[in-house]
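*Asks:* Residues per chain are reported as follows:
There are 2 protein chains.
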Amino acid sequence: MANFAIMGFGTVGSGVAEVLRMNGESIAQKLGEPLNLKYILDVRDLSATPYAKQAVKDFAVLENDPELDVVVESIGGAKVALEFTRRALLAGKHVVTSNKELVATHGRELLAIAKEKNVNYLFEASVGGGIPVLRPLFQCLAGNQIQEIVGILNGTTNYILTRMVKGGVTFAEALKEAQSKGYAEANPAADVEGLDAGRKICILSDLAWGREVRPEAISIQGISHLDLRDVDIASRAGYRVKLLGRALRLEDGRQAAYVAPHLVPADCPIAPVDDVFNAIMIRGNAVGDVMFYGRGAGDLPTASAVMGDVLDALTHRNRRRDLGWSESAPLIDQERELPLYWYLRGDFAQPEGSEKLAEGAYIVGPLSAQAAKELAEQVKAAALMPVLR
Amino acid sequence: MANFAIMGFGTVGSGVAEVLRMNGESIAQKLGEPLNLKYILDVRDLSATPYAKQAVKDFAVLENDPELDVVVESIGGAKVALEFTRRALLAGKHVVTSNKELVATHGRELLAIAKEKNVNYLFEASVGGGIPVLRPLFQCLAGNQIQEIVGILNGTTNYILTRMVKGGVTFAEALKEAQSKGYAEANPAADVEGLDAGRKICILSDLAWGREVRPEAISIQGISHLDLRDVDIASRAGYRVKLLGRALRLEDGRQAAYVAPHLVPADCPIAPVDDVFNAIMIRGNAVGDVMFYGRGAGDLPTASAVMGDVLDALTHRNRRRDLGWSESAPLIDQERELPLYWYLRGDFAQPEGSEKLAEGAYIVGPLSAQAAKELAEQVKAAALMPVLR
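For the record, the sequence lines run as chains S and B.
Residues in the first sequence are numbered consecutively from 1370, following the working numbering.
Residues in the second sequence are numbered consecutively from 1370, following the working numbering.
The shape of chain S in the complex, shown without the other chains (with noise of 0.2 angstroms):
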């Protein structure tokens, strides 16, 4: 018998149980012995739900154990999941999250414990839910000198913008009705600013090239300042707007990563995902592109990310996967040296060279932000946004 343990019994904790109640006989199966939950660490009174005898409240109970193999954190943030998750590896437990906020910024830490204490950190949950990508990035795609990475990695903002360009809706009211479906939190701030998919763009970035790169060291550019006729003009001339992570390697080995909405041409796979679904294209210089679709969150969808984690830790218990980066990748300066086709629009003649898509919406590059900045704020431009090309 092999036994985990969930610290945090919120939505994904809960699922991770979930799970296990659905699935244990096939789970068991596969591993060739059944899975128990021993312990779930919360700080809420669990004492009236089915897991009265699992529920415990002290962390050394799991950290003492030295019958339990695996600690799933899903606590989230990066203050008590931390110092759990770094006490865990010391104690020996393979250590299994969903926490994207924990990885892309202690991840490398947390990495060199697991590697000193020979024992698994996993979070292929932490990117694109329920979607298997980090797995297929960094064991399928090994043979490959990966280039490029770019994504839809926020459900959240993914829906708001299905529901303005399908329902003419304003961000606001777009918003709202995420809201009121559950899709957003109270406090959208980490979705809707791009800092969730800023985090989850750093971690494949980091495993893609094993450097490491910090959320607060790249661009970050939300929705919360589109406007709906910037997304209309887009749909009109083929294009649908999608907030983007994305990363990719320069020739010269420096690497670029940034967060911004984009016009995507309606013909690239990664456009017709609506909703609440994410996708993410990884290109590689022997594959070519492939593309990894599914929900991108969800009590379920990413509980069965992290019991696949959890049963792969099981499976290698005496074997470490060989994860890791290092400290800092080589980044360009951005601003200046990353050319970019940009969408402008506002009321001027249109500029020499560009592409026109309406009547005071043009396509013009490639310039580095800066020139297009430049640009827009000499012609008085009322939007300016990236093109996927």
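Quick caveat, the hints were computed from the structure, so don't treat them as lab data.
Backbone N, C-alpha and C define an ideal beta-carbon position, used for all residues, glycine too.
It is possible that part of the hints are untrue.
Computed footprint of chain B on chain S, listed as stretches where at least three residues anywhere in the stretch have a Cβ under 8 angstroms from a Cβ of chain B [stated by the list, open to error]:
hint, region
1, 1646-1658
2, 1675-1686
Computed far set for chain S versus chain B, every beta-carbon distance over 12 angstroms [to be verified]:
hint, residue
3, K1399
4, Q1423
5, A1424
6, E1452
7, N1487
8, R1504
9, D1596
10, Q1624
11, P1699
12, F1717
For this one, chain S is given, so just place chain B on it according to the hints.
*Replies:* Relative to the frame of chain S, chain B by itself:
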């Protein structure tokens, strides 16, 4: 240093050598040691190629080299490839292949030998070319009960269908184009009659549910009889015609698998997948629908998947993956027991309860294949095709 050999230096085999040439440095970094291509086994004369030094003609050289870790089998077919794979596994070598015919027809036996000898037999490249799909299925989604797999599994037929839809050309003309572009072989039967897709859906089914489904046990229908009229009617009514492999597990545990051209609703993520691209959708009871997309064939994409497996085998040198499946899956009598929706075209009045797509073109159902065929015969229908719902 890790040593591997390539058996069969055709498209895939030479692609694997090329990927090593392109990415040897990053591969060595990931592996922690250099990867050395020690032998290339082929009947052809390679003395004028850059691989003269590696060329051997006698399989026994590979079999008897204790320093050879992994053998890539890219011979194809199920004769010589079967014998050499068997012998390589028995000699304690890990074997990696892209050979769907061999895996679909002898995978069970070969995996049993691999288990006995504690080595890996890996075949990610046998389904979906470079697209990571088998490893995500059996590893990342291990916490799920898989309910259904459906996909565009053959690039040649998808290219032909794309040309029929977008170019308005007949099947025969599109096939000729595909042949001139090197996408279809001189004898295209295995592709256009659906056998290649059939082998792949069997491998996916074997892995998803652990019971063998043999290609000769399932209904396989290709696209050679497809009429341009039906492609047109479908397009106008918001559908795309796609050759799909489909495998299901019913609630009672019994299974079904088949290959047939389908009408696919335009808003299904599979519908816009065109040209030689493949896409495989997997439904799990926790994750919902996830989709994997990319180039389903070609030298470098396929070699990417092969190389991923080679690296996986080498990092698991003393610990095999627990892969395998047992005998004969409990298949339903699909002709009678699987209710589907059907597209019917002909010169007859609209059947009761049907949906009209165009004059003389309707969707009826749910009906078993047998009942649909009886109805088609009764009304003298000119076309009958399942509809994906």
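*Asks:* Take the hints in turn and mark each one as holding or not.
*Replies:* Going through the hints against the structure:
| no. | hint | result |
| --- | --- | --- |
| 1 | 1646-1658 | holds (count 6) |
| 2 | 1675-1686 | holds (count 7) |
| 3 | K1399 | 5 angstroms, violated |
| 4 | Q1423 | 18 angstroms, holds |
| 5 | A1424 | 23 angstroms, holds |
| 6 | E1452 | 27 angstroms, holds |
| 7 | N1487 | 14 angstroms, holds |
| 8 | R1504 | 5 angstroms, violated |
| 9 | D1596 | 27 angstroms, holds |
| 10 | Q1624 | 14 angstroms, holds |
| 11 | P1699 | 16 angstroms, holds |
| 12 | F1717 | 36 angstroms, holds |
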